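Novice: Residue strings, one per chain:
There are 2 protein chains.
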Amino acid sequence: MNLLIVGSVATDTIETPFGKVENALGGSATYSSVASSYFARPGIVAVIGNDFDKRYIRLLNSRGIDLRGLQVDKSGKTFHWSGYYEGDMNKAHTKETCLNVFETFKPEIPLSYRNVRNILLGNIHPALQLEVLDQVRKPRLILCDTMNFWISSEPRLLEKVFRRVDIICINDGEARQFCGIDSLPAAARQLLKLGPKRVIIKKGAHGVLLFGKDSFFALPAMPILKVKDPTGAGDSFAGGAIGYLARTGKIDEAAFRRAMVAGTVMASFCVEDFSLWKTSRLTKNAINRRASLLRACTRTPIFRV
Amino acid sequence: MNLLIVGSVATDTIETPFGKVENALGGSATYSSVASSYFARPGIVAVIGNDFDKRYIRLLNSRGIDLRGLQVDKSGKTFHWSGYYEGDMNKAHTKETCLNVFETFKPEIPLSYRNVRNILLGNIHPALQLEVLDQVRKPRLILCDTMNFWISSEPRLLEKVFRRVDIICINDGEARQFCGIDSLPAAARQLLKLGPKRVIIKKGAHGVLLFGKDSFFALPAMPILKVKDPTGAGDSFAGGAIGYLARTGKIDEAAFRRAMVAGTVMASFCVEDFSLWKTSRLTKNAINRRASLLRACTRTPIFRV
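Here the protein sequences line up with chains A and B, keeping their order. Quick note, the first sequence lines up with residues 0 to 304 if you use numbering that gives the first Met the number 0. Quick note, the second sequence lines up with residues 0 to 304 if you use numbering that gives the first Met the number 0.
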């Protein structure tokens, strides 16, 4: 286990213009861990309820994900999200959020996880994110993902988290909201002042921006003819990115750029089908081929007037 | 003269979070021709009224733009647009559009222009775009730009134009609107069936997508800390792109990609100040430096799992 992932495990009921799934496997820790499993050896800290389908455990096992930190809370059901997408599907509409056992979830890091080198702090209450950091010893790299809900309700706690992590991963709208600035480069500059090595701004179908103190990288998303379900794309991106960084051990600009490629490729597979149907059944060859394609279609020739 | 540009010449009154200008030089033909003038020898076909400031003529002259096709209609005022931008400025809000002499404008291509090799059909009524094409002899390359207004009011005529051009340049929202499809790759595929060599989808601050029958290129926009006024960015992009293609004479994938760089760089200068204040005073060195920067910050390393 060289990558600790804290977040949610959920069942999702999702409707898109291309179909509907009920109680499919979802959750930020799930998407991230499966995506990272092609690069690193992830373990998750999350909670499930008394209704969790055993086939889903088998799916996570099949990807070699360490489940020693997966708590089973018999007192209730698994976190459930129900929602739908329309049109260009760039916005999730929530029908229902049932926190269930996730409501009282306290991340407990197993002793055997406490020396872990790499951490992905998925989207949970910033107070819990801080508790996770208090339980581990000197990790090499911490990536933090968040969402608008915590930005509006817990901005101060979230800032505390941001000050303790190496990589902030955030949506474009959320970066604007947190910083109160419309310009993304200006927002990234402000976030970098909190101390992280890199700020990643995710723009969905428009790709990602990677900001360092003296570096900048922009990577478009893969062109996907038929996006079936965008759920989990951001989590798959984060999982692929930190998974690659856990594997390579390097943290120079080239390594971070490759991590953006890993994340982009994993997100592109994720959106091509519902739930983890595609992301859980990939080969390294398929990942390499798509990474080559991404490189080819972003190759900018030398230009001189 | 190796590039004919047909479009509007206007005076604009614009307010953004960074300031306000009144009766500044604007218009699609203006932005496009100035941007293209660093690469090609453009001439414009457009109309101005009895109020047009002589300093604006001097500005166009200073960029070597051929004005033999610029009609002066003494019967009225120059086309005037007044509008404002808010927040992230990705949407122009129109306060007032006074077509003035532009309302009865008929593009007349001077005899000396009729053998021109390259054409930019700026945003005017598709019927007029067709009239332009009927007046010229076998151009090498025609790029057509359009806008949502004609897509809703004249879709059939616009399709006729699309069938006669080599490059369709269109916004993401407009491509979705024209094709009735949400997926941009699918919309591009549909547009390519009309016959053009390339379809360029402009996504504002998110960059551009270049689609060919068997090729795809995605280029992010330059990161600009302070966008002062986005007016004319799309026209500057189109002008830079077709200007570069007019200059190089090539139309292979590498040439098209370099044209995307030229357009992106010119658009990035455009938004850094109001009107043509910045775009009209550049050096080739400044353009080359920015193109190098763009290449550096989009360089994707080789990736292998």
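Some hints could be false.
When chains are identical, the list treats them as one kind, so a pair holds in a single copy or across two.
[As the list claims (entries may be wrong)] Using 25 angstroms as the maximum straight-line C-alpha spacing, the simulated PhoX-like pairs for lysine-lysine come out as follows:
no., residue 1, residue 2
1, K192, K225
2, K137, K212
3, K73, K137
4, K277, K249
5, K105, K249
6, K277, K225
7, K76, K249
8, K137, K277
9, K196, K225
10, K225, K212
11, K76, K137
12, K90, K212
13, K283, K212
14, K105, K19
15, K283, K137
16, K212, K192
17, K137, K249
Don't read these hints as lab results, they were simulated from the structure. None of these values were measured; they are calculated from a predicted model.
Novice: Tell me the hint numbers this structure goes against, listed in increasing order.
Specialist: 3, 4, 5, 7, 8, 11, 12, 13, 14, 15
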